[in-house]
Amino acid sequence: MSEPPVIELDGVYTSFRGHPVHRDLALRVDEGQIVGLLGGSGSGKTTLLREILGLHRPDAGMVRLFGVDLNEPDVQLQRNLRRRLGMLFQHGALFSALSVFDNIAFPLRELRCLDGDWIRRLVHLKLAMVGLGEGHGKLMPAELSGGMVKRVALARALALEPELLLLDEPTAGLDPDRSQNFVELIGDLQRELGLTVIMVTHDLNTLAGLATHVAVLADHHIIAYGTRAEIMTIDHPFVTGFFGADRRKLL
Amino acid sequence: MSDIPRLRVESGRVVLSGAWTLAEMLPMLESLQSALGGLPAAGQHWDLTALTRLDSAAAVLLWRTWHGAWPASLEIGEMHRQVIVRVAELPQEMPAQPVARVHLPEFVGRLLLKAAANLRGMIALFGQLLLDGNYLLSHPRDIPWREFTANVYKAGLLALPVTALVGFLIGVTISYLSALQLKSFGAELFIVNILGISIIRELGPVLVAVLVAGRSGSAMTAQIGVMRVTEEIDALSTMGVSRSIRVVLPKILGLTVAMPLLVLWTSAVALLGGMLAALLQLDLSLVYFLENLPRAVPVANLLIGLGKGFVFGFVIALVACHFGLHVKPNTESLSANTTSAVVTAITTVILADAVFAIFTRQIGVPQL
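If you read the protein sequences in the order shown, they are chains A and B. Everything in the first sequence is counted per this note's numbering, starting at 58 for the first residue and increasing by one. Everything in the second sequence is counted per this note's numbering, starting at 457 for the first residue and increasing by one.
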């Protein structure tokens, strides 16, 4: 039995007010891959993530997660599908009215199957995973530093034990040291939990430290998709411009 | 994907197989839990080698089944052992977050302290306004005319339709109800006195104040509150722009100026509604109504009404700005402060109305 790809996009067409963002975009991500999504500002990377999440419906084309079409009308099926993915929003998108503990406990409580003790253990486990202590659980999101917001948001994204993790600029706004820690953290988690990860990033170090595969979004579609070494050989103005003289750095 | 979690119990041996993940366990969580809970406490051999996946939710479930200690004999793959090790490293006892108990005196005391703090904040804001006014007198170039006129437009002009509609309907209602009563006494002509005094002196200003508190007051609190959440207020300060002169002052002045005009407008429309209802109910001609209005209602009533509008506008804007400036950067605080702003504004307006009623009780009442 061959597993369906985790993500499969085909012929996706998106436009905003008549301006095409994606045109005939296709992408296929298999289980266990860590894909870095590259592209210039405004090339539609975040829109692509939102389409994978089902937050934005493309004008045309097909988006499949775990072999299930996002346009499938079955509500229960869609809800189960959402539980298999976790998203780290660029600015965290923590619920500002809830404490850190409640933020992470929220998706677990929503299942309405787990008892209080179970949820507490899981929340502390997730906090420990992202390197935060029990004391941090009582803080409110407004009291956290930028790096801690990202960690808590990651812990919340991991709360439901997702098989697919989407990261929007995971290291933007972190200092190089923190950013390196964060990269190692996600790498460790990926190895342990066997996640599939898609991340949007502009940071070469993040890309070099994490990604097994790279997808380049330019000219409204994925112009190249392959391992890091393969991408290096692509001759496209965006790729050469992006890596510039630092091509070696990626390898 | 579809390998469901399985539990097989043989004599003294527990064999787990399949994917023990939260997603896969959910449909059969209760039966799994009861099956695990029904096992004898010790002396089991645990075989976890057939597991395909084990996530931390399942690890917690197992760890609880084992009562927080490794079983005597256990077979498990190295990767899955790591997952359970992580759970084992957590402290055994997970105390629930203590729920803060609230005692009545404490509750009342907090409420009073909060009210006192709000009062103090509003007095401070008023003082700041006076200082700003003083500064602007000597620096007339800094007067924020554009913001001021924008606020008059938003709080005044855009409120005309809704205040007119509500005023008209209230006028019709009061006129209709009074006409029924007056008819039975044969005192139809007094409808002019009743409508004139009640609408111009009392209903017009209070009605507009309630509408404006809900419409413009809440908008002001929300706007300033969001500006605080998104740090726009801080951005203003870093550019050397005073937040009180640029944000607070135009709102308060704008509403203070717009309110008397709104009161005038609403009272006029309410009177029109009352006149039309009187025409239909009592056959009282519009000309008669208008001719007798100045005689029945001394002009002092109009001045009192406008004065009330002036004060109410100031109070609503002051309360709204105060609560807006004290929004904490989270959504809960934003909604709580907007609610407080509207409730406090309406309460304060009615309090001020009572004060007005006491101090103007000798003025403007026609002597028959």
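Mixed in with the good hints, there may be bad ones.
Derived contacts from chain A toward chain B, CB cut-off under 7 Å, selection only [unchecked claim]:
no.: 1; residue: Glu167
no.: 2; residue: Cys170
no.: 3; residue: Leu179
No lab work stands behind these hints: they were computed from the structure. Only a predicted model underlies this, so the values are computations on that prediction, with no experimental measurement involved. The beta-carbon is built from N, C-alpha and C at its ideal position, and this holds for glycine as well.
Okay, which hints does this one fail, numbers in order? The structure conflicts with hint 1 only, although it agrees with all the remaining ones.
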